[in-house]
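Trainee: Each chain is listed here by its residues.
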Amino acid sequence: MDPVFLGQLLLNGIVIGLIYGLIATGLTLQFGILHIVNFAHGEVLMVAMYAMAALLPLFGGDFFVAFAVLVVLASAVSLLAARGLLAALATGGDGGGIFEKSLLLTLGVSIVLVNGVQQLFTSNPQMATTSFGYGAFALGEIRLTYAHALASVVAVVTFGALFWFLLRTNAGRALRAVAQNREAALMIGLDPTRVARRAVAVSLVLSAVAGAVLVPIIVFQPTVGQTLLLKAFAVVVIGGMGNIGGAVAVALGLGVLESLVGGFADIVWQNAVAFVAMIAVLAMRPQGLFAAAIRKG
Amino acid sequence: MDSLAASDGVLRPAAPTAPPLLKVAELRRSFGAVRAVDGLDLEVEAGSITGMIGPNGCGKTTAVNCITGFDRGCSGSVELQGRSIARRQPEEIARGGVMRTFQAIRVFDGFSVLENAAMGRQCFDGLRLQHPILRTPRFRQVERETRARAEALLETVGLGAKKGELAGSLSYGQKKLLALAGILMSEPKIVILDEPVAGVNPTMVHEIAELLRRLNAAGTTFLIIEHNIEFVMALSDRVVVMDRGRRLASGTPAEIQQDERVLEAYLGGGDGGL
Amino acid sequence: MPPAMRSPKGLLLLLLAVLALAYPFASSSGYHLNVLTNALFFTVLAMSLNVIYGYAGLLSFAQVGFWGVGGYVGALTVTRLGGSVWDGMLAAGAVALLLAIAISAVSLRLSNHAFVIVSIAFTLLLQLLAQEWIDVTNGPMGIPGLPAPEIVLGPLYFAFDDRTSQYFLALAFAAATLAAIGLVLSSRVGRTLRMLKHDETLARSLGVRTTRWKVFAAGFAAVVAAMAGALYVFYLSIVDPTIFDVYYTQLMLVIVIVGGLGSFWPMIAAGFVLVVLPEVLRTSDEVRMIYYGVVLIAGVLFFPRGFAGLLAARRRRHSSGGRLGQPGSI
Numbered sequence: 001m002d003p004v005f006l007g008q009l010l011l012n013g014i015v016i017g018l019i020y021g022l023i024a025t026g027l028t029l030q031f032g033i034l035h036i037v038n039f040a041h042g043e044v045l046m047v048a049m050y051a052m053a054a055l056l057p058l059f060g061g062d063f064f065v066a067f068a069v070l071v072v073l074a075s076a077v078s079l080l081a082a083r084g085l086l087a088a089l090a091t092g093g094d095g096g097g098i099f100e101k102s103l104l105l106t107l108g109v110s111i112v113l114v115n116g117v118q119q120l121f122t123s124n125p126q127m128a129t130t131s132f133g134y135g136a137f138a139l140g141e142i143r144l145t146y147a148h149a150l151a152s153v154v155a156v157v158t159f160g161a162l163f164w165f166l167l168r169t170n171a172g173r174a175l176r177a178v179a180q181n182r183e184a185a186l187m188i189g190l191d192p193t194r195v196a197r198r199a200v201a202v203s204l205v206l207s208a209v210a211g212a213v214l215v216p217i218i219v220f221q222p223t224v225g226q227t228l229l230l231k232a233f234a235v236v237v238i239g240g241m242g243n244i245g246g247a248v249a250v251a252l253g254l255g256v257l258e259s260l261v262g263g264f265a266d267i268v269w270q271n272a273v274a275f276v277a278m279i280a281v282l283a284m285r286p287q288g289l290f291a292a293a294i295r296k297g
Numbered sequence: 001m002d003s004l005a006a007s008d009g010v011l012r013p014a015a016p017t018a019p020p021l022l023k024v025a026e027l028r029r030s031f032g033a034v035r036a037v038d039g040l041d042l043e044v045e046a047g048s049i050t051g052m053i054g055p056n057g058c059g060k061t062t063a064v065n066c067i068t069g070f071d072r073g074c075s076g077s078v079e080l081q082g083r084s085i086a087r088r089q090p091e092e093i094a095r096g097g098v099m100r101t102f103q104a105i106r107v108f109d110g111f112s113v114l115e116n117a118a119m120g121r122q123c124f125d126g127l128r129l130q131h132p133i134l135r136t137p138r139f140r141q142v143e144r145e146t147r148a149r150a151e152a153l154l155e156t157v158g159l160g161a162k163k164g165e166l167a168g169s170l171s172y173g174q175k176k177l178l179a180l181a182g183i184l185m186s187e188p189k190i191v192i193l194d195e196p197v198a199g200v201n202p203t204m205v206h207e208i209a210e211l212l213r214r215l216n217a218a219g220t221t222f223l224i225i226e227h228n229i230e231f232v233m234a235l236s237d238r239v240v241v242m243d244r245g246r247r248l249a250s251g252t253p254a255e256i257q258q259d260e261r262v263l264e265a266y267l268g269g270g271d272g273g274l
Numbered sequence: 001m002p003p004a005m006r007s008p009k010g011l012l013l014l015l016l017a018v019l020a021l022a023y024p025f026a027s028s029s030g031y032h033l034n035v036l037t038n039a040l041f042f043t044v045l046a047m048s049l050n051v052i053y054g055y056a057g058l059l060s061f062a063q064v065g066f067w068g069v070g071g072y073v074g075a076l077t078v079t080r081l082g083g084s085v086w087d088g089m090l091a092a093g094a095v096a097l098l099l100a101i102a103i104s105a106v107s108l109r110l111s112n113h114a115f116v117i118v119s120i121a122f123t124l125l126l127q128l129l130a131q132e133w134i135d136v137t138n139g140p141m142g143i144p145g146l147p148a149p150e151i152v153l154g155p156l157y158f159a160f161d162d163r164t165s166q167y168f169l170a171l172a173f174a175a176a177t178l179a180a181i182g183l184v185l186s187s188r189v190g191r192t193l194r195m196l197k198h199d200e201t202l203a204r205s206l207g208v209r210t211t212r213w214k215v216f217a218a219g220f221a222a223v224v225a226a227m228a229g230a231l232y233v234f235y236l237s238i239v240d241p242t243i244f245d246v247y248y249t250q251l252m253l254v255i256v257i258v259g260g261l262g263s264f265w266p267m268i269a270a271g272f273v274l275v276v277l278p279e280v281l282r283t284s285d286e287v288r289m290i291y292y293g294v295v296l297i298a299g300v301l302f303f304p305r306g307f308a309g310l311l312a313a314r315r316r317r318h319s320s321g322g323r324l325g326q327p328g329s330i
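Protein chains in written order, with full-length UniProt numbering: chain A, 1 to 297; chain B, 1 to 274; chain C, 1 to 330.
Hints listed in this document are in silico derivations from the structure and should not be mistaken for laboratory results.
Please note that the accuracy of each hint is not assured.
DMTMM-like, lysine to aspartate or glutamate: derived pairs with alpha carbons at most 25 angstroms apart [unchecked claim]:
id, chain 1, residue 1, chain 2, residue 2
1, C, Lys197, B, Glu92
2, B, Lys163, B, Asp237
3, C, Lys197, B, Glu207
4, B, Lys163, C, Asp285
5, C, Lys197, B, Glu165
6, B, Lys163, C, Asp199
7, B, Lys189, C, Asp87
8, B, Lys189, C, Asp199
9, C, Lys197, B, Asp125
10, C, Lys9, B, Glu165
11, B, Lys189, B, Glu210
12, B, Lys189, B, Glu207
13, B, Lys162, C, Asp135
14, C, Lys197, B, Glu210
Label pairs and their in silico Cβ distance ranges [as the list claims (entries may be wrong)]:
id, chain 1, residue 1, chain 2, residue 2, range
15, B, Gly126, C, Asn34, 45 to 53 angstroms
16, A, Gly135, C, Gly30, 31 to 39 angstroms
17, A, Ala138, C, Ile101, 52 to 60 angstroms
18, A, Leu73, C, Val35, 54 to 62 angstroms
19, A, Thr169, C, Leu125, 34 to 42 angstroms
20, A, Ala280, C, Pro140, 43 to 51 angstroms
21, C, Gly10, A, Ala87, 41 to 49 angstroms
22, A, Ser123, C, Pro144, 41 to 49 angstroms
23, C, Asp162, A, Phe264, 32 to 40 angstroms
24, C, Ile101, B, Arg35, 54 to 62 angstroms
25, C, Phe302, B, Ala25, 20 to 28 angstroms
26, A, Gly61, C, Ala148, 53 to 61 angstroms
For clarity, every value in this text was computed on a predicted model and none was experimentally measured.
Backbone N, C-alpha and C fix where the C-beta goes; we use that ideal spot for every residue, glycine too.
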């Protein structure tokens with residue numbers, strides 16, 4: 001076996017795994033805190049990609065400036081969106097619990113966004129040019145493009161910040177407390193709605209960040225979010241719904257596995273890996289590899 | 001009335017040597033470090049009204065959930081007429097003749113009072129799927145009987161005039177009566193009432209006591225979990241006092257009222273006097 | 001017979017039946033007939049979702065999966081095994097029933113949420129299989145050239161090979177299926193499913209074997225969706241992976257929610273209105289999807305009980321005491 005080829009596959013797998021991780025952590029965070037599934041989570045990423053593609057030319061293709069502007073914008077929009085989603089989940093009723101309602105509402109939002117963007121920008125594949133173009137680091141014969149390297153660094157820094165937030169700050173501790181036991185959290189004076197709003201906002205920003213770093217890497221269409229969401233969904237189920245550490249680990253594993261399968265087996269199997277793994281986990285260990293988070297009821 | 005509530009031949013008074021209708025032994029349930037039920041023993045004689053009292057948080061409702069199968073994390077033995085029903089699914093325990101009400105009252109709000117009563121019967125009339133779907137003659141026959149029985153029972157509990165109304169429009173106390181009527185539809189071997197008079201006004205408490213007495217006279221066995229000690233003492237043949245997850249004392253109401261341990265527990269617990 | 005079939009609703013129904021039967025003779029537009037035929041299929045599909053979600057309270061994303069399974073099994077029965085279209089429909093129903101029992105029995109051991117998750121995974125997996133298992137499904141190209149359904153009875157021969165006859169076939173299928181579903185749902189079987197939805201704990205305390213009933217609802221809904229899907233692909237004369245498109249899921253949900261979860265006639269009305277209206281408005285596919293998305297969101301937020309809920313509220317205002325509690329409804 002060619003070690004260069006293998007190394008290249010591993011490296012590519014890690015990069016894509018990190019990006020899956022960014023999307024999956026947000027999804028699992030929302031489930032952990034609110035017991036909701038967000039079908040529109042991928043569309044946040046998609047909209048961020050189109051926004052990034054629009055911002056880049058404004059700053060002469062400077063990725064870093066555009067990225068900074070996007071993160072600021074995404075944070076503001078995410079806070080509003082989180083507020084809106086929670087308000088929406090609190091109205092109406094009858095269709096089942098908050099879980100069912102979240103699925104229906106976010107499916108509606110997802111479809112409006114995909115088709116809205118399709119209507120505005122057509123479904124033609126989009127590409128964006130950035131200041132660092134196609135340049136790459138060479139590690140021996142293994143290549144790592146600047147764009148891939150940047151995506152990895154951003155992802156790792158983001159995970160670091162996320163875990164620091166969850167483990168070291170009061171807001172993060174409150175968030176984990178609500179995820180573990182809502183009633184107990186209420187009793188010690190935490191406001192679950194505020195905590196949930198923060199969690200949703202953080203997870204939406206994570207998805208937007210994933211979109212931003214993907215812009216220089218892939219060609220994209222309005223349906224880009226759906227494909228990636230399905231992978232992230234598989235990651236969340238495999239890792240144990242609500243388990244952030246599990247999501248990151250499984251995302252990395254899936255990225256690497258997909259890359260290897262794509263390199264050595266028929267390409268069709270690459271997409272199947274996530275689903276085969278998800279079905280296997282659901283059949284044999286339905287609470288996920290890392291947690292027992294799906295509660296009865 | 002007699003024909004309505006008579007259970008299958010197990011009429012009182014029970015012979016002293018007969019095994020109890022319901023026998024619970026060494027029942028345990030913990031939530032983390034808290035032992036909600038901690039080795040409870042309990043017997044209910046056929047044809048009796050057995051009352052179970054105890055201070056707040058002593059594990060009464062948890063015990064009911066264990067006995068009726070709704071709490072899946074319990075250990076210990078539960079026998080109905082000498083056969084184990086421990087760890088069976090709640091619907092199977094209900095089908096075996098152990099029926100319960102809930103402390104937080106539950107009825108099907110969107111259905112009529114009559115329908116709510118009829119629902120208590122549908123799992124017990126032995127009709128297979130095709131009968132109701134195809135409206136077979138046998139189904140119509142059963143439906144007529146169910147309807148007659150439901151109307152009679154609603155009369156018995158005093159809801160005869162309300163049968164066409166939505167269950168959701170009933171008062172709290174009326175819902176309790178409806179839940180009881182629904183349960184009686186299936187002629188259960190034992191009825192477990194979880195706080196039948198909590199939150200009910202004094203006049204109605206009296207009516208409910210009378211009703212239970214009449215039903216019992218007609219042959220229904222009751223296990224009543226209740227906070228209202230006066231109510232339990234007035235009604236029960238035997239009383240079980242629970243404290244910290246286990247049986248503190250049991251006996252006739254008169255015996256219990258003399259029991260020093262009970263007085264101590266109640267005076268110590270500060271949960272109303274005897 | 002559903003209780004609603006007694007007059008004056010009976011009269012209205014008769015009128016509708018006459019209209020439906022006479023329509024092809026009054027209009028020669030193939031386009032109009034196509035829209036109506038689609039409305040018939042999609043209404044049946046939506047009713048299958050209504051059985052499991054509206055009645056039993058189990059949100060399922062597997063209905064589009066069963067619809068697609070039905071399409072593929074139906075097509076393969078004819079193209080590979082040499083069966084008739086009717087054999088294909090039966091095979092589709094049988095396969096869907098087995099799959100539904102398998103996925104619901106496994107996931108419901110865990111929770112209703114697990115069922116929802118598994119239903120999503122199930123549909124995704126089928127879509128993937130349709131695209132990638134090329135030996136069987138022919139991949140994205142699909143299986144084209146499916147034959148028209150035909151009836152051979154001794155010397156009698158009839159092929160449903162034009163718009164009008166296919167419309168009548170769809171009409172007969174929809175009427176039979178909806179009548180069968182109505183018969184089941186208006187009996188106490190429907191009531192039992194509604195008991196699960198309203199208060200599962202209470203239902204169990206009354207002896208209802210809730211898991212069995214949920215599996216029953218899942219199986220019933222799957223068979224209906226699969227048979228509809230099977231007939232539909234012979235109408236299209238092709239089956240390809242787009243049969244699993246999220247479009248169908250969206251359409252089903254919108255119809256069920258706008259009509260009213262757990263309603264019967266209002267849901268059927270919603271099926272026709274929501275399929276026909278976009279055609280009248282002649283919108284592009286994207287705009288139509290946006291409409292559906294907005295209607296779905298608005299429905300969930302502001303009219304969670306749908307058109308049926310509005311009707312019920314109106315009825316309650318005009319007369320105290322609903323039809324529940326009348327003779328025959330226990």
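Trainee: None of the hints should be skipped; say for each whether it holds.
Mentor: These are the hints, each one checked on the structure:
{"no.": "1", "hint": "Lys197(C) to Glu92(B)", "in the structure": "20 angstroms, holds"}
{"no.": "2", "hint": "Lys163(B) to Asp237(B)", "in the structure": "33 angstroms, violated"}
{"no.": "3", "hint": "Lys197(C) to Glu207(B)", "in the structure": "33 angstroms, violated"}
{"no.": "4", "hint": "Lys163(B) to Asp285(C)", "in the structure": "51 angstroms, violated"}
{"no.": "5", "hint": "Lys197(C) to Glu165(B)", "in the structure": "21 angstroms, holds"}
{"no.": "6", "hint": "Lys163(B) to Asp199(C)", "in the structure": "21 angstroms, holds"}
{"no.": "7", "hint": "Lys189(B) to Asp87(C)", "in the structure": "50 angstroms, violated"}
{"no.": "8", "hint": "Lys189(B) to Asp199(C)", "in the structure": "24 angstroms, holds"}
{"no.": "9", "hint": "Lys197(C) to Asp125(B)", "in the structure": "22 angstroms, holds"}
{"no.": "10", "hint": "Lys9(C) to Glu165(B)", "in the structure": "23 angstroms, holds"}
{"no.": "11", "hint": "Lys189(B) to Glu210(B)", "in the structure": "20 angstroms, holds"}
{"no.": "12", "hint": "Lys189(B) to Glu207(B)", "in the structure": "23 angstroms, holds"}
{"no.": "13", "hint": "Lys162(B) to Asp135(C)", "in the structure": "65 angstroms, violated"}
{"no.": "14", "hint": "Lys197(C) to Glu210(B)", "in the structure": "35 angstroms, violated"}
{"no.": "15", "hint": "Gly126(B) to Asn34(C): 45 to 53 angstroms", "in the structure": "49 angstroms, holds"}
{"no.": "16", "hint": "Gly135(A) to Gly30(C): 31 to 39 angstroms", "in the structure": "58 angstroms, violated"}
{"no.": "17", "hint": "Ala138(A) to Ile101(C): 52 to 60 angstroms", "in the structure": "56 angstroms, holds"}
{"no.": "18", "hint": "Leu73(A) to Val35(C): 54 to 62 angstroms", "in the structure": "43 angstroms, violated"}
{"no.": "19", "hint": "Thr169(A) to Leu125(C): 34 to 42 angstroms", "in the structure": "40 angstroms, holds"}
{"no.": "20", "hint": "Ala280(A) to Pro140(C): 43 to 51 angstroms", "in the structure": "26 angstroms, violated"}
{"no.": "21", "hint": "Gly10(C) to Ala87(A): 41 to 49 angstroms", "in the structure": "45 angstroms, holds"}
{"no.": "22", "hint": "Ser123(A) to Pro144(C): 41 to 49 angstroms", "in the structure": "24 angstroms, violated"}
{"no.": "23", "hint": "Asp162(C) to Phe264(A): 32 to 40 angstroms", "in the structure": "52 angstroms, violated"}
{"no.": "24", "hint": "Ile101(C) to Arg35(B): 54 to 62 angstroms", "in the structure": "41 angstroms, violated"}
{"no.": "25", "hint": "Phe302(C) to Ala25(B): 20 to 28 angstroms", "in the structure": "55 angstroms, violated"}
{"no.": "26", "hint": "Gly61(A) to Ala148(C): 53 to 61 angstroms", "in the structure": "57 angstroms, holds"}
Against the hints set out earlier in the document, violations occur for numbers 2, 3, 4, 7, 13, 14, 16, 18, 20, 22, 23, 24 and 25.
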